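Q: Given the sequences, and given the hints that come with them, work out the whole structure.
Chains A and B, in that order, give the protein sequences. Take the first sequence: its position 179, counted from the start at 1, is 178 in numbering that gives the first Met the number 0, and no numbers get skipped. Take the second sequence: its position 395, counted from the start at 1, is 394 in numbering that gives the first Met the number 0, and no numbers get skipped.
Among the hints, erroneous ones may be present.
Which copy is meant is left open, so a pair is good if it fits within one copy or across any two.
Listed next, the in silico DMTMM-like pairs over lysine to aspartate or glutamate satisfying Cα-Cα at most 20 Å (straight line) [stated by the list, open to error]:
{"#": "1", "residue 1": "LYS293", "residue 2": "ASP98"}
{"#": "2", "residue 1": "LYS70", "residue 2": "ASP414"}
{"#": "3", "residue 1": "LYS37", "residue 2": "GLU391"}
{"#": "4", "residue 1": "LYS37", "residue 2": "ASP365"}
{"#": "5", "residue 1": "LYS37", "residue 2": "GLU76"}
{"#": "6", "residue 1": "LYS70", "residue 2": "GLU49"}
Simulated from the structure, these hints should not be mistaken for lab results. Keep in mind that this is a model prediction, so the values were computed, not measured.
2 protein chains.
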Amino acid sequence: MEHIAQKAKTAAINLAAADTAAKNRALAAIARALEAEKDTILAANQADLERSTREALAAPLLKRLRFDAPKIAEACEGIASLIGLADPVGATQAATELDDHLLLYRVSRPIGVIGVIFESRPDALVQISCLCLKSGNAVLLKGGREAGETNRVLADIIMRASREAGMPDGWLNLMETRADVAAMLAMDAHIDLIIPRGSNEFVRYIMDHTRIPVLGHADGICHVYIDRDADPAMARRIAVDSKTQYVAVCNAAETFLVHAGMAEALLPPLMEDLTARGVEIRGCERTAAIVAAKPATEEDWRTEYLDLVVSIRVVDSLDAAVDHINRYGSGHTDVIVTADRARALRFMDHVDTADVFVNCSSRFSDGFRFGLGAEVGISTNKIHARGPVGLEGLLIYQWRLVGDGQIVADYSGPDGRSFSHRRLDKHFEI
Amino acid sequence: MEHIAQKAKTAAINLAAADTAAKNRALAAIARALEAEKDTILAANQADLERSTREALAAPLLKRLRFDAPKIAEACEGIASLIGLADPVGATQAATELDDHLLLYRVSRPIGVIGVIFESRPDALVQISCLCLKSGNAVLLKGGREAGETNRVLADIIMRASREAGMPDGWLNLMETRADVAAMLAMDAHIDLIIPRGSNEFVRYIMDHTRIPVLGHADGICHVYIDRDADPAMARRIAVDSKTQYVAVCNAAETFLVHAGMAEALLPPLMEDLTARGVEIRGCERTAAIVAAKPATEEDWRTEYLDLVVSIRVVDSLDAAVDHINRYGSGHTDVIVTADRARALRFMDHVDTADVFVNCSSRFSDGFRFGLGAEVGISTNKIHARGPVGLEGLLIYQWRLVGDGQIVADYSGPDGRSFSHRRLDKHFEI
Numbered sequence: 000m001e002h003i004a005q006k007a008k009t010a011a012i013n014l015a016a017a018d019t020a021a022k023n024r025a026l027a028a029i030a031r032a033l034e035a036e037k038d039t040i041l042a043a044n045q046a047d048l049e050r051s052t053r054e055a056l057a058a059p060l061l062k063r064l065r066f067d068a069p070k071i072a073e074a075c076e077g078i079a080s081l082i083g084l085a086d087p088v089g090a091t092q093a094a095t096e097l098d099d100h101l102l103l104y105r106v107s108r109p110i111g112v113i114g115v116i117f118e119s120r121p122d123a124l125v126q127i128s129c130l131c132l133k134s135g136n137a138v139l140l141k142g143g144r145e146a147g148e149t150n151r152v153l154a155d156i157i158m159r160a161s162r163e164a165g166m167p168d169g170w171l172n173l174m175e176t177r178a179d180v181a182a183m184l185a186m187d188a189h190i191d192l193i194i195p196r197g198s199n200e201f202v203r204y205i206m207d208h209t210r211i212p213v214l215g216h217a218d219g220i221c222h223v224y225i226d227r228d229a230d231p232a233m234a235r236r237i238a239v240d241s242k243t244q245y246v247a248v249c250n251a252a253e254t255f256l257v258h259a260g261m262a263e264a265l266l267p268p269l270m271e272d273l274t275a276r277g278v279e280i281r282g283c284e285r286t287a288a289i290v291a292a293k294p295a296t297e298e299d300w301r302t303e304y305l306d307l308v309v310s311i312r313v314v315d316s317l318d319a320a321v322d323h324i325n326r327y328g329s330g331h332t333d334v335i336v337t338a339d340r341a342r343a344l345r346f347m348d349h350v351d352t353a354d355v356f357v358n359c360s361s362r363f364s365d366g367f368r369f370g371l372g373a374e375v376g377i378s379t380n381k382i383h384a385r386g387p388v389g390l391e392g393l394l395i396y397q398w399r400l401v402g403d404g405q406i407v408a409d410y411s412g413p414d415g416r417s418f419s420h421r422r423l424d425k426h427f428e429i
Numbered sequence: 000m001e002h003i004a005q006k007a008k009t010a011a012i013n014l015a016a017a018d019t020a021a022k023n024r025a026l027a028a029i030a031r032a033l034e035a036e037k038d039t040i041l042a043a044n045q046a047d048l049e050r051s052t053r054e055a056l057a058a059p060l061l062k063r064l065r066f067d068a069p070k071i072a073e074a075c076e077g078i079a080s081l082i083g084l085a086d087p088v089g090a091t092q093a094a095t096e097l098d099d100h101l102l103l104y105r106v107s108r109p110i111g112v113i114g115v116i117f118e119s120r121p122d123a124l125v126q127i128s129c130l131c132l133k134s135g136n137a138v139l140l141k142g143g144r145e146a147g148e149t150n151r152v153l154a155d156i157i158m159r160a161s162r163e164a165g166m167p168d169g170w171l172n173l174m175e176t177r178a179d180v181a182a183m184l185a186m187d188a189h190i191d192l193i194i195p196r197g198s199n200e201f202v203r204y205i206m207d208h209t210r211i212p213v214l215g216h217a218d219g220i221c222h223v224y225i226d227r228d229a230d231p232a233m234a235r236r237i238a239v240d241s242k243t244q245y246v247a248v249c250n251a252a253e254t255f256l257v258h259a260g261m262a263e264a265l266l267p268p269l270m271e272d273l274t275a276r277g278v279e280i281r282g283c284e285r286t287a288a289i290v291a292a293k294p295a296t297e298e299d300w301r302t303e304y305l306d307l308v309v310s311i312r313v314v315d316s317l318d319a320a321v322d323h324i325n326r327y328g329s330g331h332t333d334v335i336v337t338a339d340r341a342r343a344l345r346f347m348d349h350v351d352t353a354d355v356f357v358n359c360s361s362r363f364s365d366g367f368r369f370g371l372g373a374e375v376g377i378s379t380n381k382i383h384a385r386g387p388v389g390l391e392g393l394l395i396y397q398w399r400l401v402g403d404g405q406i407v408a409d410y411s412g413p414d415g416r417s418f419s420h421r422r423l424d425k426h427f428e429i
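A: Below is the structure:
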């Protein structure tokens with residue numbers, strides 16, 4: 000494992016220096032190979048599906064495990080769109096003249112070696128490895144056991160096709176055992192970032208067991224706050240979509256906060272919308288005084304149901320809604336429904352969350368919907384990258400200072416030269 | 000302590016929403032108060048100096064502890080320049096139309112609550128707290144015991160002046176004991192980032208004892224690589240400045256790598272330059288065959304001397320220099336001296352370091368010299384911020400999506416609406 004990680008580090012150095020055309024050629028080769036070896040992929044996936052059916056894997060997980068011909072075509076379309084995106088590596092983010100012929104550039108660079116631990120969907124393997132390739136990062140991947148055969152075939156195809164297209168050996172590695180994961184978490188000398196994708200408990204476990212920075216989120220406790228002057232019909236549509244459009248995902252709403260001035264008019268019809276969709280309601284006392292609701296406990300405000308359950312609280316003010324969100328939320332996605340632009344701005348300025356939405360559903364919180372191309376995950380970290388993370392989140396920068404012999408001694412003391420610090424629009428060149 | 004951190008979190012929410020003029024007024028008030036209460040500051044610093052002299056504090060530390068009238072004036076000048084900088088909070092970093100009347104903005108926001116643990120220089124307290132104020136972050140500060148009186152007076156002046164100018168209570172807190180530091184490191188629910196400034200061992204200790212992200216660097220093992228076609232006179236000047244201009248700091252060079260084609264011509268005069276300045280030389284076998292040098296051990300390549308000692312290695316190629324740096328370096332600052340632009344680019348593209356310099360001294364690696372205004376530290380992290388960290392490194396962003404009732408159900412299924420994902424140049428507005 001140490002050997003694999005060291006090799007990945009060496010590969011990362013070379014991949015960081017790979018030019019755009021070479022990376023795009025490798026991506027195209029991967030897409031061609033996935034199409035060409037479709038039958039092998041389908042057979043491997045069939046074996047995974049049969050074994051998992053025998054082992055009585057739950058139906059939703061079986062569904063996520065399936066990687067059929069349309070999914071392969073979709074993955075190849077994803078690769079085509081990735082080829083179309085600009086190369087994020089090597090962009091000049093800032094340029095400053097420090098003095099005559101002493102020019103400072105901040106240039107985007109890959110992070111290095113990224114460890115990704117993901118759930119059963121084999122499409123994630125293709126998506127994540129191609130994002131890493133385009134952004135010049137080496138990647139260590141560990142998929143779910145259920146998808147073992149499919150992942151092995153996919154990783155093998157991607158490695159072969161990209162190597163033949165000139166990418167460095169060892170840039171992609173598939174890990175298969177729990178012991179591999181434990182070893183990976185200990186390798187802070189070789190791995191620069193861990194991205195875990197899975198359950199709350201799983202992500203927390205990873206965070207607690209490594210010194211390597213972890214990008215991602217554990218909880219997704221998202222709120223919809225319905226302000227005193229929201230349009231009631233809009234509020235109901237947004238609340239229902241945020242809660243029920245897909246309950247099992249992190250950007251689904253778990254709590255509705257309703258301004259006291261709106262509660263009597265809104266709660267009864269909203270209640271109808273929700274019960275018609277089988278949603279169980281847990282409310283604060285003021286909610287229960289208006290509609291039939293099980294009493295919500297302190298624990299409810301902290302719970303990510305991921306199910307047809309919602310907690311509802313009546314609040315006296317926008318600030319009270321903000322306080323509730325900052326106290327119980329997870330900094331993932333929070334929504335305000337209001338017709339008052341100034342109040343929307345106040346909400347956005349005070350809610351400490353990655354994604355803050357006005358008059359639209361929490362379910363829009365997603366890398367594809369945001370137009371990021373794809374996402375490696377959604378981050379509730381406040382360091383580096385926040386919210387849906389696409390190509391840009393896989394980059395850091397490097398400061399490049401180009402002179403013609405300058406030394407600091409010449410800039411020291413009372414007679415020393417001084418710096419011009421003039422911002423330049425020019426791009427990095429040498 | 001828990002109470003202080005909670006209060007800081009609340010203050011951070013309000014400070015994040017403070018407008019530019021209010022923050023600049025508070026900064027101006029702080030500068031005025033520092034001038035007005037100069038005598039109190041000088042008396043407190045005198046007490047610290049006297050106690051530390053009695054306790055036989057080392058001379059360089061005593062020098063760093065001194066905070067006299069010129070230092071106060073310099074701190075006030077620093078504040079004036081900070082007032083002149085643009086407010087980094089609220090800048091639109093990207094804008095995308097997802098669909099008609101559904102606009103996505105990425106807007107810069109403060110990180111939140113920042114814990115800073117710093118060494119004896121009281122000027123650091125003023126600089127760091129003002130950087131935090133301008134960037135909208137609350138701060139918990141722990142200074143060195145030697146500067147206890149000075150720090151208490153300074154923190155008190157800054158708190159009073161900024162509170163009277165309308166900044167939220169509790170945005171700045173001074174901690175005084177080791178127990179406070181331990182408590183701080185455990186408070187990952189309230190503190191978003193730790194910035195430790197101090198010795199290698201100290202920074203490592205902090206990194207090993209907290210789940211909170213740590214920004215900074217432990218080692219500063221910086222290299223100067225002298226390429227085969229470097230200008231010899233320039234190479235000597237840069238090597239000497241990088242090593243000797245100030246030996247005790249992280250951006251001083253510790254190792255010179257010399258291309259084999261250059262070694263015989265360069266090493267003898269370079270040796271003269273270095274011995275004239277009292278530098279001890281530890282060299283590889285090939286170095287020792289050309290000049291008198293103690294043999295360098297494997298340990299030497301990994302050592303940050305912070306002293307008048309340098310290790311020298313003769314390498315056969317640019318790639319060998321890169322491999323040495325990627326193996327032994329700390330990703331802080333590495334320099335190439337060469338007349339060949341293509342080789343300089345190859346070096347920059349392959350060296351995995353925060354600051355990579357061509358034909359100038361490693362000592363330029365500094366927030367002030369880079370024109371960042373000031374710095375909270377230098378980061379060798381590859382997540383979030385790298386190299387000298389100024390205002391921008393104290394920021395994260397928030398995604399703001401503004402619609403007029405859009406729900407995800409309308410974008411789902413075969414007949415769903417599709418996204419336009421049109422990049423916009425407009426700034427965030429509501």
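Q: None of the hints should be skipped; say for each whether it holds.
A: Here's how the hints hold up against the structure:
Within a single copy, LYS293 and ASP98 get their C-alpha atoms no closer than 69 Å, and across copies no closer than 38 Å, so neither meets the 20 Å cut-off. Only between protomers do LYS70 and ASP414 lie at most 20 Å apart by alpha-carbon distance; the minimum there is 19 Å, versus 68 Å within a single protomer. With identical chains, the CA atoms of LYS37 and GLU391 are never at most 20 Å apart, being 31 Å at best within one copy and 47 Å at best between copies. Proximity of LYS37 to ASP365 under the C-alpha cut-off of 20 Å is found in neither arrangement, the shortest distances being 29 Å within a copy and 54 Å between copies.
For a Cα distance limit of 20 Å, the shortest separation of LYS37 from GLU76 inside one copy, 15 Å, qualifies, whereas the shortest one across copies, 67 Å, does not. With identical chains, the CA atoms of LYS70 and GLU49 are at most 20 Å apart within one copy only, with a shortest distance of 18 Å there and 74 Å across copies.
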